[in-house]
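Mind docking chain V on chain Y? Use the hints.
There are 2 protein chains.
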Amino acid sequence: MSTSLHSLADRELDAELTQCRAEFDALKARGLALDITRGKPAPDQLDLSAAMLALPGDDDYMIDGIDCRNYGELAGLPSLRALFGEVLNIAPESLVAGGTSSLETMYDVLSFAWIHGMGGAGAPWSSSPVKFLCPVPGYDRHFAITEAFGIELIAVPLLSDGPDIDVIRELVAGDPHIKGMWCVPIYSNPSAVTYSEQIARDLLSMQTAAPDFRIFWDNAYAVHALVGDAPEVLDVLAIAAQVGEPDRPFVFASTSKMTIAGGGVSFFAGSGENIAWYLGHLSQKRVGQDKINQLRHVRFFGDAAGVRTHMRKHQQILAPKFELVTAALRRGVGGSGIASWTDPSGGYFVNLKVLPGTARRVVALAKEAGIALTPAGSAFPSGNDPQDSHIRLAPSLPSEHDLRLAIDGLCTCIRLAAAELVHSERCGGMHLSSVSV
Amino acid sequence: MSTSLHSLADRELDAELTQCRAEFDALKARGLALDITRGKPAPDQLDLSAAMLALPGDDDYMIDGIDCRNYGELAGLPSLRALFGEVLNIAPESLVAGGTSSLETMYDVLSFAWIHGMGGAGAPWSSSPVKFLCPVPGYDRHFAITEAFGIELIAVPLLSDGPDIDVIRELVAGDPHIKGMWCVPIYSNPSAVTYSEQIARDLLSMQTAAPDFRIFWDNAYAVHALVGDAPEVLDVLAIAAQVGEPDRPFVFASTSKMTIAGGGVSFFAGSGENIAWYLGHLSQKRVGQDKINQLRHVRFFGDAAGVRTHMRKHQQILAPKFELVTAALRRGVGGSGIASWTDPSGGYFVNLKVLPGTARRVVALAKEAGIALTPAGSAFPSGNDPQDSHIRLAPSLPSEHDLRLAIDGLCTCIRLAAAELVHSERCGGMHLSSVSV
Chain Y
16 MSTSLHSLAD RELDAELTQC RAEFDALKAR GLALDITRGK PAPDQLDLSA AMLALPGDDD
76 YMIDGIDCRN YGELAGLPSL RALFGEVLNI APESLVAGGT SSLETMYDVL SFAWIHGMGG
136 AGAPWSSSPV KFLCPVPGYD RHFAITEAFG IELIAVPLLS DGPDIDVIRE LVAGDPHIKG
196 MWCVPIYSNP SAVTYSEQIA RDLLSMQTAA PDFRIFWDNA YAVHALVGDA PEVLDVLAIA
256 AQVGEPDRPF VFASTSKMTI AGGGVSFFAG SGENIAWYLG HLSQKRVGQD KINQLRHVRF
316 FGDAAGVRTH MRKHQQILAP KFELVTAALR RGVGGSGIAS WTDPSGGYFV NLKVLPGTAR
376 RVVALAKEAG IALTPAGSAF PSGNDPQDSH IRLAPSLPSE HDLRLAIDGL CTCIRLAAAE
436 LVHSERCGGM HLSSVSV
Chain V
16 MSTSLHSLAD RELDAELTQC RAEFDALKAR GLALDITRGK PAPDQLDLSA AMLALPGDDD
76 YMIDGIDCRN YGELAGLPSL RALFGEVLNI APESLVAGGT SSLETMYDVL SFAWIHGMGG
136 AGAPWSSSPV KFLCPVPGYD RHFAITEAFG IELIAVPLLS DGPDIDVIRE LVAGDPHIKG
196 MWCVPIYSNP SAVTYSEQIA RDLLSMQTAA PDFRIFWDNA YAVHALVGDA PEVLDVLAIA
256 AQVGEPDRPF VFASTSKMTI AGGGVSFFAG SGENIAWYLG HLSQKRVGQD KINQLRHVRF
316 FGDAAGVRTH MRKHQQILAP KFELVTAALR RGVGGSGIAS WTDPSGGYFV NLKVLPGTAR
376 RVVALAKEAG IALTPAGSAF PSGNDPQDSH IRLAPSLPSE HDLRLAIDGL CTCIRLAAAE
436 LVHSERCGGM HLSSVSV
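Line order of the protein sequences matches chains Y and V.
Just so we're aligned, residue 16 is where the first sequence starts under our numbering, counting upward by one.
Just so we're aligned, residue 16 is where the second sequence starts under our numbering, counting upward by one.
To be clear, the hints were calculated from the coordinates, so they are not data collected in a lab.
Glycine is no exception: its CB is placed at the ideal position from the N, C-alpha and C atoms.
Possibly wrong hints are sitting among the right ones.
One side only, chain Y facing chain V, incomplete, derived with CB under 10 Å [unchecked claim]:
id, residue
1, Ala-66
2, Pro-139
3, Ser-143
4, Glu-162
5, Ala-163
6, Leu-186
7, Gly-277
Derived list of chain V stretches under chain Y, where covered just means 3 residues or more per stretch with a C-beta under 8 Å from a C-beta of chain Y [said to hold, decoys possible]:
id, segment
8, 119-128
9, 297-303
Only chain Y is shown next, with the shape it has when bound in the complex:
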């Protein structure tokens, strides 16, 4: 990456470094305590669902002929499956409405495969080495689940229309130990890429050496547009069936970032065979779902249009924060060649790229100045960003005031880390720690 720093004379670079250090010292002296680490909704987003806290109401518990208070209905309430089937473009019979956490559903699905295998002749995944493909940058909690099982993660590049299909095709065709792949097909975490229909088709139809290869298709941000309307959700189950791989996709979604973050409803979808396999194992764990919470969601949204109306209210709160972040970055480090960033049309994150070799340093400097960022490298398997250049920004939780302070401060850290790097390069590779402030 060529930067304007590189064109400075030695004396000018010394002055720039001195100036950046002074600005950083002034930043530290402000004693900030800001946190932009995680994609948590802000209190005013949670307020949008305030009515839900009194639902369903003390004489409302029957729907679909079911007393929602008692045990039962492992696949979830038919009314909620129909409502979110429309939102997620999935037939209700292919959609299970579950508990509060889609992450938990992903873990459970993996643990069922691990302990029992995928049914039929397939052995438990634990019986031989397992590898997963991870488009990067990606979601750290996805990677953590698979790492917890001792699964080897293989990073593959995420391009502007989806994961690099040529790289992936070659990998999965040649290695029967590659059993799965993580995908966030709409507004991906953290780079907000939405997969094209062609890439989706290629992923669903490509030849794999493993007969029980599965795509963990986490549609976490399907309706979470920041600009305009969200894209139409692909009917991946129909595509998978068309191309003769009906069992390949495991689809996940949740309302965590629609209603109550800690008390939403998660969804799982798949082929008839996958649903039977999932519910068969789930029946050992649970006697049914929390149907009162599911009823609460039916009453709150009413129908699929209600979900879209509600998501526009989130957009109205979130979009200004994202605009603020990109404006502050432009103001602070724009045109310098030391940083670039995404301008997402949906999802929860801005993906920031700083000078290779400085991301960890930027995060450390920010921490010193009281600004908590997601650890550098967290969007890569094992936390290892080979370029040390990616930083995930999560603008949702702080107030606009705090967010502006945080990003302005972050820019100071980016400039200092860049000046340190170029200075150390100029001085013959002097080690960074020796110029640390």
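For chain V alone, coordinates are given in the frame of chain Y:
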């Protein structure tokens, strides 16, 4: 078992069989459709928690300085842990408040042990054969969880003060593959036995060949008295620490049979080391608990006394149903020597014993007459009751009217099956199927 049937002359026995068949035909002709299979609460029990359906209310979401709506608090709300810590006689810091299903927590704990082992030097349980001890009669869903992992279940007798400790001592001392044991220490399912403190101490302190032996201590009915007050809950964590086996007990409980059956709160308790181990693995699955549902429970109960008051209301609904069952059994098959049953002071079940070799037949006859019973043998590992004599009755769900019909009909089936058996024995072991009606 000696019965009055055995003292009948051949002609009298023929007449008895004819009479029983006639009564059974009349029963069938009534076209009943009754279900006493599972321990589900009745609608009027669920009505006791009607106020909960509108809680916490649309401006109530803060407690303990926590916004219950957002992510976080993997160990659950401090206020709820304190409240149920008092109910369950467990220090709040040793108690985790979780999701809606304690069965799920048990499955998760087992899967963590299976995949990762118990921490320290211990290997994953999946790496060698695992056996569990199962006091019988016991809870079919416990057995099903362990069977789903391919764990070998070893039945041990449940006596009137707890599991047969002599049998257990010898088994666990000699076999390092015995890694765990299922226990329901208060009002056990289905025989309503409450373990004595001595048996509890012996279980917690006995020598085991497996260094990572764990007791799955499911306190499902801790406060579920049918007569008077529930016994004081033993502080098993303190006992375990005293005897030098702090990590042996995994304690489980839930509010499923207190508030909303499908939407309660589950609890997990253990030593500091076990809690750290559990939360460490759980953190891969979840970003926090459903704290709104936990807040709902805090607001509804208020304090531990509120739980006790609430459970007395359940008692007032349930006790008459249990009295009705035992009265109907006395009336229908009392003094005949062909059946005996428990008269439980707590829990959710009556454990019925019929003539050895007739339990399956009784359940089949009842089914034919439109009365659904828990499958015979379900209280034994692999559904195999070696004596074929146990039937679990679940009186909670039906109305008193339906329950009376069901038990009266059941008595007809018990009498017919007994008459068939004695008749076939008298006729030189003629096979049962040839005398089936």
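Structure-based check of all given hints:
With 10 Å as the threshold, the beta carbon of Ala-66 (chain Y) comes within range of chain V, its nearest partner Cβ sitting at about 6 Å, so the hint holds. Of the supplied interface hints, the one on Pro-139 (chain Y) holds, with its beta-carbon coming within about 9 Å of a beta-carbon of chain V, less than 10 Å. For Ser-143 (chain Y), the suggested interface contact is broken, since its CB lies about 13 Å from the closest CB of chain V, more than 10 Å. The restraint placing Glu-162 (chain Y) at the interface with chain V holds, with a minimum CB-CB distance near 9 Å, inside the 10 Å limit.
With 10 Å as the threshold, the beta carbon of Ala-163 (chain Y) comes within range of chain V, its nearest partner Cβ sitting at about 5 Å, so the hint holds. The beta carbon of Leu-186 (chain Y) comes no nearer than 25 Å to any beta carbon in chain V, farther than 10 Å, and the hint placing it at the interface is violated. Taken as an interface hint, Gly-277 (chain Y) checks out: its beta carbon lies about 5 Å from the nearest beta carbon of chain V, inside 10 Å. With a threshold of 8 Å between beta carbons, the proposed coverage of the segment 119-128 of chain V by chain Y holds, since 4 of its residues qualify and at least three are required.
Counting residues of the segment 297-303 of chain V whose beta-carbon sits less than 8 Å from any beta-carbon of chain Y gives 5, enough to reach three: the coverage restraint holds.
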